[in-house]
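Colleague: Chain by chain, the residues:
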Amino acid sequence: MADRITLRVTRYRPESDTEPTAQEYDIPLRKEWVVLDGLNHIKDHLDGTLSYRWSCRMGVCGSCGMIVNGEPKLTCATFLKEYAPGPIRIEPLSNFPIVRDLVVDIGDFMRKLPRVKPWLIRSEQERPAKEEHLQLPAEREEYEQFSMCINCMLCYSACPVYALDQDFLGPAAIALAQRYNLDSRDQGSAERMDVLSSADGIWACTFVGECSAVCPKDVDPAGAIQRYKFTAAMDALKTLLLPRGAR
Amino acid sequence: MEPFLWLLFSAGGVVSALLVPALLFLFGLALPLGWVTPDYTHLSAVLGHPATRVVLLGLCVLALFHWAHRFRYALYDGLQLKHLDRVINLLCYGGALAGSAAAGLLLLT
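Chains as they are written, first to last, in the UniProt record's numbering: chain B, 1 to 247; chain R, 1 to 109.
In isolation and in its complexed conformation, chain B is listed as follows:
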């Protein structure tokens, strides 16, 4: 294994650049280094002006998502040696406006997320619980994989529908809605339905499945969306066929 590798990093400085350009950095190639270690090496030793987001270095915070050689990846979980001998292209996540260098503006997602009410909703008539709401292991399994989402935006970056139509609610927001819809302690699925089953919600998804392919936490948002399509379609059928009292 060679002991150096080149990172071809996207630079964009809004005060001086009209469009993003690429800059190459030659860094040490160590077998235990992930792409993020390479970027930190650049920042610490070669070019302190490079901007990118990171925090936990262990696949929990969801901050360090970038496009590595054309694929959305968490850079803290992507080893440099997998791309040897390089060069490796490091670009900001696609489908989001670039703020600076590798930093993107995820405000669109942050505005969409609360619309699906991703929290436990209980009936307003109910008195506050005196003890915890119990849940069987099987009931927890129903939603557990959707609760693994770390909002890293790799799924939005990979989604070809979101690339064409930014009004699409998107994979993570829908998977997070399902995380609560499928929770036995939640009573809010009716409140989430209007947003989820709108034209910009689940119905915009054409089941390409890239979101699930790139998810670093194995969440399967595409599965969540397909499952919810069936729920919403059955609900629409019931509304059409059954009298009001029997729904």
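No lab work stands behind these hints, which were simulated from the structure alone. Nothing here was measured: the structure is a model prediction, and the numbers come from that model. Every residue gets a Cβ at the ideal spot worked out from N, C-alpha and C, and that includes glycine. Take the hints with a grain of salt, since some may be wrong.
[As the list claims (entries may be wrong)] Rough simulated footprint, nothing fancy, chain B against chain R, three-plus residues with beta-carbon under 8 Å:
#1 4-15
#2 68-81
[Unchecked claim] Not the full set, but computed from the structure, chain B residues with beta-carbon under 10 Å of chain R:
#3 Pro160
#4 Val161
#5 Asp165
#6 Val195
#7 Ser197
#8 Trp203
#9 Thr206
#10 Val208
#11 Glu210
#12 Lys229
#13 Phe230
For chain B, the structure is supplied; the task is to place chain R on it using the hints.
Modeller: Relative to chain B, chain R alone:
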């Protein structure tokens, strides 16, 4: 409307995946190549039975609506023609309806 179109798409995908390969294998390969030699009077009776005709009509209708939905999104997203949505919807679902009517005429009369 979208939930109902998706249900037709979804049902069409399932029945097509289950039935079309079997039918193609039987009537496209096995019978013409003589791998199986059926009793033709029996086969004719099975194919002429109203229940068979209704099942085949169901397959045709659902498969056509599956095509319509998929082709609509192929035009919307693949060719990025979403601004022509009215024409595309008319072409796709209208085509599926016309095809269904033709299948109905052939199978039920």
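Colleague: Taking the closest Cβ pair, is Asp165(B) under 10 Å from chain R?
Modeller: Holds. Min distance 8 Å.
Colleague: Using 10 Å as the Cβ threshold, decide whether Val195(B) counts as touching chain R.
Modeller: violated, 15 Å
Colleague: Quick check: the region 4-15 of chain R, covered by chain B? Criterion 3+ residues, Cβ under 8 Å.
Modeller: That given contact holds, which follows from 4 residues of the region 4-15 of chain R lying within Cβ reach (below 8 Å) of chain B.
Colleague: Given Val161(B) as an interface hint, is the shortest Cβ-Cβ distance to chain R below 10 Å?
Modeller: holds, 7 Å
Colleague: For the hint on Lys229(B), does the least C-beta distance to chain R fall short of 10 Å?
Modeller: The hint holds - Lys229(B) has a Cβ within 10 Å of chain R, the shortest such distance being about 6 Å.
Colleague: Checking hints one by one. Is Glu210(B) an interface residue toward chain R, by the C-beta closer than 10 Å rule?
Modeller: violated, 13 Å
Colleague: Min Cβ distance, Trp203(B) to chain R: is it shorter than 10 Å?
Modeller: holds, 5 Å
Colleague: The hint names Thr206(B) as touching chain R; please verify it with the least Cβ-Cβ distance against 10 Å.
Modeller: It holds, given that the least Cβ distance between Thr206(B) and chain R is near 5 Å, below 10 Å.
Colleague: For the hint on Phe230(B), does the least C-beta distance to chain R fall short of 10 Å?
Modeller: holds, 8 Å
Colleague: With a cut-off of 8 Å between beta carbons, are at least three residues of the region 68-81 of chain R near chain B?
Modeller: holds (count 3)
Colleague: Does the interface hint hold: is Ser197(B) within less than 10 Å of chain R, judged Cβ to Cβ?
Modeller: Since the shortest Cβ distance to chain R is 7 Å, the answer is holds.
Colleague: Min Cβ distance, Pro160(B) to chain R: is it shorter than 10 Å?
Modeller: Interface hint status for Pro160(B): holds (7 Å vs cutoff 10 Å).
Violation of the numbered hints given earlier is confined to hints 6 and 11; the remaining hints are satisfied by the structure.
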